[in-house]
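Now for the letters of each chain:
There are 2 protein chains.
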Amino acid sequence: MTRPGGRTARVRAAVLRAAGDALVEHGLAGVDLADVARRADVGRTTVYRRWGTVPALVADMLAEMAEDSLPRTDSGSLEADLRANALLVVATLTDERQGPLFRAVLAAASCEAATAEALHRFYAVRVAEWAPAVESAVARGELPAGTDPAEVVRAVSAPLYYRMLTGAGPLDEAAAERAVSAAVAAARAGVFVAAS
Amino acid sequence: MTRPGGRTARVRAAVLRAAGDALVEHGLAGVDLADVARRADVGRTTVYRRWGTVPALVADMLAEMAEDSLPRTDSGSLEADLRANALLVVATLTDERQGPLFRAVLAAASCEAATAEALHRFYAVRVAEWAPAVESAVARGELPAGTDPAEVVRAVSAPLYYRMLTGAGPLDEAAAERAVSAAVAAARAGVFVAAS
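Chains B and E, in that order, are what the protein sequence lines are. Note that the UniProt record's numbering numbers the first sequence so that position 107 is 107, with each residue one more than the last. Note that the UniProt record's numbering numbers the second sequence so that position 193 is 193, with each residue one more than the last.
Everything labelled a hint here was simulated from the structure, so no lab data went into it. Mixed in with the good hints, there may be bad ones.
Claimed, not checked - What the simulated footprint calls covered on chain E by chain B, stretch by stretch (three residues with Cβ under 8 Å from a Cβ of chain B suffice, anywhere in the stretch; the number is not a length):
#, region
1, 75-85
2, 107-118
3, 189-195
Claimed, not checked - The calculated label-pair distances, taken between Cβ atoms and stated as ranges, are:
#, chain 1, residue 1, chain 2, residue 2, range
4, B, 32, E, 139, 54 to 62 Å
5, B, 145, E, 75, 46 to 54 Å
6, E, 91, B, 53, 30 to 38 Å
7, E, 174, B, 44, 20 to 28 Å
8, B, 97, E, 9, 43 to 51 Å
9, E, 56, B, 145, 51 to 59 Å
10, B, 68, E, 76, 19 to 27 Å
Yeah, the Cβ is synthetic: ideal placement off N, Cα and C, and Gly gets one too.
Here chain B stands alone, though its shape is the one from the complex:
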């Protein structure tokens, strides 16, 4: 067990920050444990012993990102909740550090299976965090019974990620708003009712 704020936690935070910097600068293939240790001002053997491999280090970075990510908004309105989520995605993908970091992790996941699994876990955590917004809307009768909450949450993020990948326009509030409206219209039409 680690004491929050203790030495172990401080070492982890420093190493994961250095790993993120290296990943953004060099991509997965250019990340080196000894270099990360030097950047973090931490002993090399600590890094080798605790993480061992670069994919394990990146996986722990994603676990920390999931731990530290913001809790969902609970406004009592489906559209307001999903809008808060969409704006959070836009803010993350356009953030000076988080944006390049996500692009680097997505790139790393395309060629490294353990990183892909860690990234999938990250998204599973985020989807599970926001799913109750949709569950509440179903309970209130705003969406059809049997609507898959995870699919609605993913439908909000998908066009924002696709816009980033394909350069189809700015990632801004208007894009967030359109993503929410599209997801809600599809959900109301019963598109995300799980097949039984």
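With chain B held as given, fit chain E onto it using these hints.
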């Protein structure tokens, strides 16, 4: 000008195929012009003179992919046309060669601006190819006047790419069907009417 089927065209095809193989195997940072020339059985100076840099080579590969990509289906029905597009995206992303190639190119685009621009041009070509399916639906009165055709086409692809990136489930016919239904429901609700 190159004669189709002539020596120049054959050299280009061989070099771009070798470049794709190298990109899938090693990622952008591991692609080397001399290695590509050797794999393609083409003189090294030909590759240096004609493409010069790895990003230029990858950009030409994307241009070839856009040239060779399938023309749109014209079934006379919006849903059938969009379904054909969604199934084409699924077939591409799950194809033994095209799938890893797209993931490698998306990864390369995240760290190399010229590759990102070439990728954006590829998607612009594909969206322009399929936009008339939506324009016809607007003309037939199936969708609200002022609907942005490109946004509808992108709305079909977005959840399929997002599913691939986040590992949220299989890329199959059911996913394609849901992507079409969601895009059409949102389009009917007026979500993609361009702001004036």
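Hint check, failures only
1, 5, 7, 10
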